[in-house]
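Student: Single-letter residue listing:
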Amino acid sequence: MKKLSIISTMLFITLFISACGFSDPDSDSTEKEGNGYELLTVANPADITTLDPHNNSVITTSAVLVNIYNKLVKRDETGEIVSDLATSWEKIDDNTWEFNLEPNVTFHNGDTFTAEDVKFSLERVATDTTLQQNSTFRQIEEVNIIDDATVQVVTTEPDPQLLSRLSTPAASILPSTYFNEVGADEFFNNPVGTGPYEFSTWERDDHVELVKYDDYFEGEPKWETVHFSVVPEDSTRVSELLTDGIDIAFNIPTADMNRINENDGTHVALAPIQRVIQLWLSTEEGAATADPAVREAIDLAIDNQVIIDEILLGSATATRTHVTPGNFGADESLYDTYRYDPERAKEVLAESGYEDGVTVEISVNNYYTEMAEVVVGMLAEVGITADIELIEQSQFANRLFNEDLREGVFVGWGNDMFDGSILELFKEDNVTSYSNEKVEELLDAAAYNMDEEERAAQYQEIQQIFADELPVVYLFQLEGRYGVNDRINYTPRLDELYYVDEITLSE
Amino acid sequence: MTFQFILNIVGLLVFVNFVKLYFLKQINLINSATYFLVNWGDFLGYLKRSMLQIIPSLLILTLIIFALVYVAGDPVSQMLPENATAEDRAILSESLGLDQPFHIQYFQYVGDLIRGDFGMSYQYQEPALELVTERLTATIALSLMAMLVAIFISIPLGILAAIKRNTIIDFLVSGVSVVGKAMPNFWIGIMLILFFAVTLPIFPVSGADTPLHFILPSITLGVALAAEMTRLVRASVLEVIEQEYVQTARSKGQKESIVIGKHVFLNSLIPIVTIIGLQFPQLIGGAIVVETVFAWPGIGRLLLTAIETSDMAVVQAIVFVIAIITILANMLTDIIYRVLDPKIKYN
Chain A
1 MKKLSIISTM LFITLFISAC GFSDPDSDST EKEGNGYELL TVANPADITT
51 LDPHNNSVIT TSAVLVNIYN KLVKRDETGE IVSDLATSWE KIDDNTWEFN
101 LEPNVTFHNG DTFTAEDVKF SLERVATDTT LQQNSTFRQI EEVNIIDDAT
151 VQVVTTEPDP QLLSRLSTPA ASILPSTYFN EVGADEFFNN PVGTGPYEFS
201 TWERDDHVEL VKYDDYFEGE PKWETVHFSV VPEDSTRVSE LLTDGIDIAF
251 NIPTADMNRI NENDGTHVAL APIQRVIQLW LSTEEGAATA DPAVREAIDL
301 AIDNQVIIDE ILLGSATATR THVTPGNFGA DESLYDTYRY DPERAKEVLA
351 ESGYEDGVTV EISVNNYYTE MAEVVVGMLA EVGITADIEL IEQSQFANRL
401 FNEDLREGVF VGWGNDMFDG SILELFKEDN VTSYSNEKVE ELLDAAAYNM
451 DEEERAAQYQ EIQQIFADEL PVVYLFQLEG RYGVNDRINY TPRLDELYYV
501 DEITLSE
Chain B
508 MTFQFILNIV GLLVFVNFVK LYFLKQINLI NSATYFLVNW GDFLGYLKRS
558 MLQIIPSLLI LTLIIFALVY VAGDPVSQML PENATAEDRA ILSESLGLDQ
608 PFHIQYFQYV GDLIRGDFGM SYQYQEPALE LVTERLTATI ALSLMAMLVA
658 IFISIPLGIL AAIKRNTIID FLVSGVSVVG KAMPNFWIGI MLILFFAVTL
708 PIFPVSGADT PLHFILPSIT LGVALAAEMT RLVRASVLEV IEQEYVQTAR
758 SKGQKESIVI GKHVFLNSLI PIVTIIGLQF PQLIGGAIVV ETVFAWPGIG
808 RLLLTAIETS DMAVVQAIVF VIAIITILAN MLTDIIYRVL DPKIKYN
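Chains as they are written, first to last, in the working numbering: chain A, 1 to 507; chain B, 508 to 854.
Just so you know, not all the hints are guaranteed correct.
Said to hold, decoys possible - Just a few of them, taken from the derived set where beta-carbon distance is under 8 Å, the chain A residues facing chain B:
| id | residue |
| --- | --- |
| 1 | Thr129 |
| 2 | Ser135 |
| 3 | Glu240 |
| 4 | Thr243 |
| 5 | Gly245 |
Calculated from the structure, these hints are not laboratory results. The beta-carbon is built from N, C-alpha and C at its ideal position, and this holds for glycine as well.
For reference, chain B alone in the conformation it holds in the complex (with noise of 0.2 Å):
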């Protein structure tokens, strides 16, 4: 434990220092960083106006989700035994208020909800959000690791790809990157266990204990995320490649490395973070199968589950919760498109 502490210590300085070092370099960001600074009222003036946007959005969110789960079903035939009767559908339905009006029950919902609460879980009976959260952290780590590993196969790929164009190895790419998005999660999930885990015993088969149970599944959950990224990379190097600073560049007898990694890369970057920051949600729903066959313990398979039991509160929080994270996504993504191109204003 100890060890592990000191080591983390020790990473932490390393990246902070190589980050630090990394900006040096790079005066261009720099600069952006220090624009973004100089006008961070405009900033603040920019998260005000999305803050309240976020509002009338998050209401129509409510009614839509309570609407759906209230047509959906009605938890009660599903939580009691198999023998009871018509009669005890009905007292039970009464007891939990679910014998109420649509409207009723909505406002009901509303009402508790702005309280800050969610109702309770009629499968857990325990808070609805509680049981979100708690098993929040697990899928968020699950889906950066997953965009973790996207990046590091898309980019590199990407980049070469754009440079090799039209070659074998573009077509190898290209290829390669339709298979990856055409196989479906729980497909290469069952696979890498059965390859890398039964055959070959090298990581665990599921669970979530130690660093190694993240291998297998954000692997899986990050092939079809590095497929479309790889593409639209590659998309968007060769268009930064064909313009003129580039050459420019280029004829000042730059090395191809610094063109390459300055000129190109770093101007490309802005749809490549585009679809990163819309990603990130879509990798929380990828997370459901991907959970569900690594028994990994996020908020995938408790959705799954509380949709199979008409556990109408969980649902209710759940799509809350990735609606905001989306929401704080894109927002973010805003953000760092002006730090990348400060000629984007807040408007």
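Only chain A is shown next, with the shape it has when bound in the complex (with noise of 0.2 Å):
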């Protein structure tokens, strides 16, 4: 009787996990039989939130879709932009760019793709106000079909930033036929693209699966499987990795590179990545921050290359400028260096009258508290006590632009455009309040300069401006960190983003 019970209770337990709907355990495994390149698996700790490449500003989706659908111009590994669907593009003239299609070219679904599709997906994106990268093509005015294979893009004002623009995944080009026959809904349930590969199934919060298109039309992709799983727990995406789980393990904890360099079967991928960490300093009236003095000491004061060595062992470079190597616009004197000098940070302080300290306020969110935590300490060496907020990143981000943070900010910015008109987040009205008329002149002008010679050097002497008078004390740029498991190659990029035949299988 007790054993029956058992049995039967055991039974249901199966019959229960079973009506549940989870699948086969056969269907997912991790195979490596054949020639190596039926199944490719990686982490991400995020999934993707939607599949709408024109209304989604999170890199770890836009990372999987670039693998769905083309732009016409894409970033190769080193930055460079290159052709994607456009063979080859000019510029017409100031407001005015033509681009020549690829021929021979179809959607998943076998539509042929023209310059309507061209038309249709960038039109879209740059008049949807209720799209969430409308704000990056609002430039555009129209696209004008000059033949089936030859688009011209015309912006309302010159745009020396188009090419950055449409190299983005929120570029992608969508069939404008079927996506008008199905409507927006049914179409993001089961999308097509032009990409080299084809979207399977999304099993939400667990992975996407994308498998090969055979008529890609830079010739056949390489893997026939792609498994872009969820494991948004650190540790348990490294513990995936090291049991073989998946191929690539993306933002790994500094603390777990040793074990996973050390571990047979798996090594640390590094790359820098756009992130810049930064430390923003009120120049409005009444913050501590607003005297020059108190800014230069913050800067002398922290000493950069301690905390990429310590916290993140190794995987930063120290910086003095957001514009880091591959955007345009950067000045590389202010790369790679940092100043630290305490005793001169001192002197300073001493100098504008601060023998007794001075007190500075500093918000940060739960990403870099360890980090500020540091540079707090740092701070107390010198003598200026820095009196931290911490705040959860929503509340953080919501605060941020209701310039309701404190005197010094403690973030981590990207730069999605690839330009130095990323330093516009210091235009007038920001939420440091700095305010400098030649920075002033600078930005509006680089902002329609067509010049690019002249374009970057107006971004390199801002940067200059910028280093010399601190509105926002720079500290490094991060690197991104990968697990990788050693049957495979893999090189991650600046951008962040897979594109997965860049992926290939060690020798």
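The task is to assemble the complex, starting from two chains supplied on their own in separate frames and drawing on the hints.
Tutor: Put into structure tokens, the structure is as follows:
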């Protein structure tokens, strides 16, 4: 009787579990037979939020979608803009660009790619203000079809950043006829693009599955199936990697880097990413940091390299600018360098009458608490008492733009456009209240300047002014940390996207 | 697939037979059930009253959730690319109707709610309720499994501790349950992964694809509850064991196993059922942590992401669904009481 009850309970549990609709074990295991290109599994900390490239601003989502859709142009591994669906392009006048399109491209549903699709896709994202990427494309006034294989993109004003915009994942090309036939909802349930991989399934919060698109216009893609799985907890992602459950684990904790390198069969791949850790300093009247001497002392008090070595185990590069190499207008003299001179910091404070020290209030979100705490310790060494306020990320983002944060704001900031225009963060009426006529002038001029050389010089000049006046103290550019299975070769990219065909099996 | 299907059918048949046998042996339970059925009318009345009580609770709930989410943040700043300007934020805010004052947004929300529309998720651009329901099964399945784990651990241990009270076994059980309660979920989860998935590769690390995937997460989620229930079972059994009818049963010369199994355990069930009923919604709360550690695709994780990105509609939908589950679990507890003890009336 007792045995019977145990058996029946167990059977009932099996029944219950299978009734819940979980799939059979055989379908998902990482089989590594054949030539090895059967399945690639990449684990991200977050699920994709949408399959709509125009309505997304999250990198982990774009990183997946770039395999389904193509753009007119794209960035290669070095950050250069190269052709994608456009074979060549030229500037007709300051407001008009002409693109010649790749012939013989088909969408995954068989539709032929034409100029009509370019017009439809770019105008969709440029005109629908509810789309998250609308702000990036509002400069596009219209797209004119010259013939089936030629389009002209007309901008409202001269736009030196147009190619950058068109190379972002948000400029993905969708099939106009099919999209209009089935409507947005249905389309994004089962999207088709021209990319090397076709959308197969999306198990929410579990994984997205892509499969090879045999008729891809640049030749047959390498992998049969690609899984982008979601493992939110860092240590779990590392465990999956160590047990061969996945091939690439994105964003591994620094604490686990040695363990992954020492483990037989896995290694860590590092590469700079666009995120620069920085401390914005308020120049608003009444703030302690409104005094340039205090800002200078803060810059001199922070030993960037110690934070890089101790907290990030070397996976970052010190910088004094946000426009790092690989971005348009980068001033390389401010990269891979930092100022650290605590004695001078004390002198600067003493000369400005802060013999008794000064108190600065700093806000930081939960991502960068550890780094901010080390900075607080360093500031204390020179007599600056930093009072830190820790804020949860969603609150932080909210208060940041309502200018409701304190004197110092500790943030990590990216640069989607790969352009010096990111410096517009400190344009008039910005969060720090910093204002400098010369900077305004240069920013306005550079925004519409079609002369590349002159434009780069304008951004470089602004970076020098910032390095001098310090409305922001730049600390370092982060590196992306990826745990990688030794069976594959993977070189991470500056833009953090996974172009799956750049990932190959190791010899 | 076919094989598993047959197994399931056999399992179900065995289970049903087992239940039948069990009930035949337990005349008391049969009596209770009969009484319950006889008073079906009372039961329906009770159901109606409960339903009516739910409506104002839910209305107040919508206001509280809406206000909290409203105060907590504006999703727009997290939806746009990092180079977006203040003007860009204003345009998106207006397009989504987020520039409207609080009361207009609230009434709009309640109006939609009455029509069964929980609104759209800003992050996922899909109906919020759909996002919740497609993940609900995974969370409920995990919670039920955790509950089973807790029951399997706590009932034998609790009874054992009560029978052997003040012995080394009792102290040991109490000690273990204090430790079990004190260990944080995420820590147990990570340790279980390290030992039983990495060092000894017995179970999968994460995910929810096969029955094997259930083991570690449900243990993680069930341990704290098991600890709490063990102490409760012990206390509850101890109380009953002192009763005169138990001594009578013993003096009649009945076997100790029957005394404990029939007279003691059955009569100590009421507080145990209470805690199971009350704990179920809490388990769903605990699932937030466990789902994150084990990459379990449930509503706990969805809630966490939704809060981080101020995705109002999703937060509201999840809290609403959890509230309904809580209310239903409480009602179910009430009903089971009456089956167990016909003396409790519907009022």
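Student: May I ask which of the numbered hints given earlier this structure violates, with the numbers listed in increasing order?
Tutor: Going through the list in order, the structure violates no hint and respects every one.
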